[in-house]
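J.: Sequence:
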Amino acid sequence: MLRRSESESSSLDSALTKYESEDQTKERKRFSFTPDARFISDAIIGLSDGLTVPFALTAGLSALGNTNVVIYGGLAELTAGAISMGLGGYLGAKSEEDSYKATERQTCDLVTCDPQSTTDMISSVFSEFDVPQAIVDDLTLHLSKSPRLPDFLMRFHHSLAELPSSRAFVCALTIGLAYFFGGLVPLLPYFFVATERIDIALWCSIGTMIAALFLFGYCKTCFVSGWRGSRNVWKGTIGGIQMVVVGSVAAGSAMGLVKAFQGLATDGKQ
Numbered sequence: 045m046l047r048r049s050e051s052e053s054s055s056l057d058s059a060l061t062k063y064e065s066e067d068q069t070k071e072r073k074r075f076s077f078t079p080d081a082r083f084i085s086d087a088i089i090g091l092s093d094g095l096t097v098p099f100a101l102t103a104g105l106s107a108l109g110n111t112n113v114v115i116y117g118g119l120a121e122l123t124a125g126a127i128s129m130g131l132g133g134y135l136g137a138k139s140e141e142d143s144y145k146a147t148e149r150q151t152c153d154l155v156t157c158d159p160q161s162t163t164d165m166i167s168s169v170f171s172e173f174d175v176p177q178a179i180v181d182d183l184t185l186h187l188s189k190s191p192r193l194p195d196f197l198m199r200f201h202h203s204l205a206e207l208p209s210s211r212a213f214v215c216a217l218t219i220g221l222a223y224f225f226g227g228l229v230p231l232l233p234y235f236f237v238a239t240e241r242i243d244i245a246l247w248c249s250i251g252t253m254i255a256a257l258f259l260f261g262y263c264k265t266c267f268v269s270g271w272r273g274s275r276n277v278w279k280g281t282i283g284g285i286q287m288v289v290v291g292s293v294a295a296g297s298a299m300g301l302v303k304a305f306q307g308l309a310t311d312g313k314q
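268 is the number that my numbering gives to position 224 of the sequence shown; each next residue is one higher, with no gaps.
Read the hints as simulated data drawn from the structure, not as lab findings. Hints may contain errors.
Claimed, not checked - The calculated DSS-like cross-link candidates involving lysine-lysine, where the alpha carbons are at most 30 Å apart (straight line), are:
1) LYS145 with LYS189
2) LYS264 with LYS138
3) LYS264 with LYS279
Given these sequences and hints, build the entire structure.
T.: See the structure below:
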């Protein structure tokens, strides 16, 4: 009896210790900030286009030799592009929300009208993890009577998470603003250079964008692979170089087309 009481006391102490450690872990998580993966994804989508498309446009317009044309054309493209990208993100998020609600309605109807199918769904979820059949049967029996069964099927059978009501608005705002501020970077040098010195503004814009594209590519890659270690640093460097190459090809193509059209127009007038 004494050994048993000592064993029970030890078990109780270990359980309390485990509970306290879990409580402390939850407390630390509560005050730690982790960026939302969807927010990061939306920001990357907006920045990747914003750093590439307006840069190519301003580089192409600089071939016309007038900074005012570059500034006005760049601002017009930034505004239209930010609105278009934001609307695209909003519509995409709304479609995702509508799809979730439709699947949820179908799941609720299935739970009500076809209990056998829902039982098979529950069993299939646990069978993927090699859970013993006796435990699967007990869990299936318990969940089939639970009011949370539709939530369980949505999360584990359909692999769908409920979206917050503000998801579409936040998505549109994030993508639109990321596009606008990303595209504003190559325009900045043209605001501080005289109209006739567009060549200086172009080279300043190119230098600024090479640094911005490399930094964006590096950070984008390291967000996924990690920041520490020589291997992750190398991956980030490769990601930065790739972004610089993509932006340079886009800008060079735009400038080449503008020069070609200028040459055709000059030949036509002659």
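J.: Hint by hint, say whether it matches the structure.
T.: Cross-check of the supplied hints:
1. LYS145 with LYS189: holds (23 Å)
2. LYS264 with LYS138: Holds, at about 26 Å.
3. LYS264 with LYS279: holds (10 Å)
Violated hints: none; the structure is consistent with every hint.
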